[in-house]
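Undergrad: Letter by letter, the chains look like this.
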Amino acid sequence: DAKTTQPPSMDCAEGRAANLPCNHSTISGNEYVYWYRQIHSQGPQYIIHGLKNNETNEMASLIITEDRKSSTLILPHATLRDTAVYYCIALNTNAGKSTFGDGTTLTVKP
Amino acid sequence: DAGITQSPRHKVTETGTPVTLRCHQTENHRYMYWYRQDPGHGLRLIHYSYGVKDTDKGEVSDGYSVSRSKTEDFLLTLESATSSQTSVYFCAIRGQGAGANVLTFGAGSRLTVL
Numbered sequence: 070d071a072k073t074t075q076p077p078s079m080d081c082a083e084g085r086a087a088n089l090p091c092n093h094s095t096i097s098g099n100e101y102v103y104w105y106r107q108i109h110s111q112g113p114q115y116i117i118h119g120l121k122n123n124e125t126n127e128m129a130s131l132i133i134t135e136d137r138k139s140s141t142l143i144l145p146h147a148t149l150r151d152t153a154v155y156y157c158i159a160l161n162t163n164a165g166k167s168t169f170g171d172g173t174t175l176t177v178k179p
Numbered sequence: 227d228a229g230i231t232q233s234p235r236h237k238v239t240e241t242g243t244p245v246t247l248r249c250h251q252t253e254n255h256r257y258m259y260w261y262r263q264d265p266g267h268g269l270r271l272i273h274y275s276y277g278v279k280d281t282d283k284g285e286v287s288d289g290y291s292v293s294r295s296k297t298e299d300f301l302l303t304l305e306s307a308t309s310s311q312t313s314v315y316f317c318a319i320r321g322q323g324a325g326a327n328v329l330t331f332g333a334g335s336r337l338t339v340l
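Sequence lines, in order, name chains A and B. Position in the first sequence (first residue = 1) + 69 = my numbering. Position in the second sequence (first residue = 1) + 226 = my numbering.
Hints may be right or wrong, so weigh each one.
[Claimed, not checked] Okay, derived cross-link-like pairs now, DSS-like style, lysine-lysine, Cα gap no bigger than 25 Å in a straight line:
| hint | chain 1 | residue 1 | chain 2 | residue 2 |
| --- | --- | --- | --- | --- |
| 1 | B | Lys279 | B | Lys296 |
| 2 | B | Lys237 | A | Lys72 |
| 3 | B | Lys279 | A | Lys166 |
| 4 | A | Lys166 | A | Lys121 |
| 5 | A | Lys121 | A | Lys138 |
| 6 | B | Lys237 | B | Lys283 |
| 7 | A | Lys178 | A | Lys72 |
| 8 | B | Lys283 | A | Lys72 |
| 9 | A | Lys166 | B | Lys296 |
| 10 | A | Lys72 | A | Lys166 |
| 11 | A | Lys178 | A | Lys138 |
It is worth saying that the hints were derived from the structure and are not from the lab.
Construct the complete structure from the given sequences, taking the supplied hints into account.
TA: Put into structure tokens, the structure is as follows:
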């Protein structure tokens with residue numbers, strides 16, 4: 070899996086959009102970008118994934134650059150409950166190994 | 227989480243004793259994973275399995291062994307626990323096929339080695 074790089078921490082005001090960046094400059098053509106989040110000490114939960122097109126679901130939007138070297142997770146209206154650690158990983162769905170980095174700690178402030 | 231359970235959820239043991247953590251799934255997924263997470267850090271892959279009796283090492287496999295004798299169970303064993311193995315251990319499962327490559331995590335097993 071390609072290595073991903075994320076800022077260690079970010080703040081966001083409640084009600085505003087949270088934009089979390091991820092760099093994956095060595096991503097290969099068959100690797101998807103997946104985002105997870107971990108609240109407190111719970112197990113991480115899936116948010117969204119994409120290959121090259123932008124994606125949106127009920128939780129978030131994922132914007133992937135045209136060269137696929139970076140992506141941004143967007144939480145459109147952040148709430149206090151969105152405070153969590155967010156992980157971006159590059160996953161080859163035909164391979165078994167799935168590795169995580171240290172993620173970004175997002176703090177949503179009132 | 228639905229479809230995946232870890233046991234025990236909490237364990238305190240002494241240095242030098244063997245410890246086995248169990249991950250059980252009801253989803254019939256091919257891939258199973260063990261991660262550890264230390265305070266202030268992300269998840270680090272210990273071992274993973276891609277089928278019955280098929281396992282491979284992750285980033286931090288030293289001091290750990292695994293076994294998968296049936297699809298639903300993936301065991302993580304610390305042959306002789308050390309204080310550096312005090313951590314929270316997460317198991318995860320993953321299917322295959324379009325839309326099925328999402329990792330689903332268990333609730334975690336907190337291990338303290340005194």
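Undergrad: Checking against the hints above, which ones are violated?
TA: 2, 7, 11
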